[in-house]
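Start from the sequences, fold in the hints, and give me the full structure.
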Amino acid sequence: MFVRAISISAIGSPDQLKVEEFPLPVSSNNPGEQILIKVEMAGINFFDIYQRRGERPMVFPGILGVEGIGIILESSTPLQNFKIGDRVGWSGATKSYAQFLTLSEDQLIPLPANISAEKLLPLLLQGLTAHFLATSSHVASAKTTALVTAASGGVGSILIQLLKRGGARVIPVTSTKIKLEKLQSLGFEDACTYSEMNDKVNLLTKGMGVNVVYDSVGKDTFNQTIELVARRGDMVLYGAASGPVEPINPLSLTRNSIYLSRPTLSDFISTFNEKKERINDLVSAQLSGALELPPLQIFTFEEAAKAHRLLESGMAGGKLAFTTA
Numbered sequence: 080m081f082v083r084a085i086s087i088s089a090i091g092s093p094d095q096l097k098v099e100e101f102p103l104p105v106s107s108n109n110p111g112e113q114i115l116i117k118v119e120m121a122g123i124n125f126f127d128i129y130q131r132r133g134e135r136p137m138v139f140p141g142i143l144g145v146e147g148i149g150i151i152l153e154s155s156t157p158l159q160n161f162k163i164g165d166r167v168g169w170s171g172a173t174k175s176y177a178q179f180l181t182l183s184e185d186q187l188i189p190l191p192a193n194i195s196a197e198k199l200l201p202l203l204l205q206g207l208t209a210h211f212l213a214t215s216s217h218v219a220s221a222k223t224t225a226l227v228t229a230a231s232g233g234v235g236s237i238l239i240q241l242l243k244r245g246g247a248r249v250i251p252v253t254s255t256k257i258k259l260e261k262l263q264s265l266g267f268e269d270a271c272t273y274s275e276m277n278d279k280v281n282l283l284t285k286g287m288g289v290n291v292v293y294d295s296v297g298k299d300t301f302n303q304t305i306e307l308v309a310r311r312g313d314m315v316l317y318g319a320a321s322g323p324v325e326p327i328n329p330l331s332l333t334r335n336s337i338y339l340s341r342p343t344l345s346d347f348i349s350t351f352n353e354k355k356e357r358i359n360d361l362v363s364a365q366l367s368g369a370l371e372l373p374p375l376q377i378f379t380f381e382e383a384a385k386a387h388r389l390l391e392s393g394m395a396g397g398k399l400a401f402t403t404a
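When we follow our numbering, the leftmost residue of the sequence shown carries the number 80, and every step to the right adds one.
Calculated from the structure, these hints are not laboratory results. Do not rely on the hints blindly, as some may be mistaken.
With a cut-off of at most 20 Å between alpha-carbon atoms, the simulated PhoX-like pairs for lysine-lysine come out as follows [what the hints assert, rightly or not]:
id : residue 1 : residue 2
1  : K222      : K256
2  : K97       : K198
3  : K117      : K243
4  : K222      : K243
5  : K162      : K355
This is the structure we're talking about:
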């Protein structure tokens, strides 16, 4: 039996993405191959673009995609926390742009069975990342003033809501007037565009700076946003949408005794219980109406290049995904 997947043979533009057929993966006792999953939906993320552009390691030819939702079909080893037929998610695995893939149990995220994949997918890579950023990387409180770049994007739009839920004053930053008006309509009256960012922070903090910056843009904003961090504040760099940040001299952090971190999701969902607690908190917030998810745009495999171009342009305004049907 052959199955469809999106393959890439070399570093390059979105045109490198091709739909091909591969033999059905087989569950085995090899690490990462014990459980066969039928993929319902695969998330499209900037990490995939980083790999396509050669900014993250990858073996070519290969299959992109680190996130998805699917159903457990079989397992070559006894399952500890799941059973055959369970709907599961994953974030940080590989080869997700496919109809089927094999994973190990420790890569799986438990998901409720009564909620659609469309509603759950934004809670995986984007939701879980926003959750650890707001609750672990820097713990938001009523004393926190937080600056968030790319606040209209997949992670940013969830992060600002979780920070607000934690009591923080949030300054969301976005790229266009249309996105700005949307943020303001959601109750983020301190939202601003990048051209207004410095003046907005100085006005709201009386020149003292923010307690924490969450920057996922990277190269184009880092040197500007780090200057807006208050004394003993946190500079949390969690993405590089515009490209990687240039090397930094640690001595530059002595200005205001800034804490610089580059956290990754895998270190904050390393156990089954941590995954379960975080995803359950996100689902509860969603069901209660406390968390409004970004819009989901669904593409076919044949539209892979189009989807990558949209995400790379910064104009997606929400979550992108492939349907595997």
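Those earlier numbered hints the structure runs against, lowest number first = 1, 2, 3
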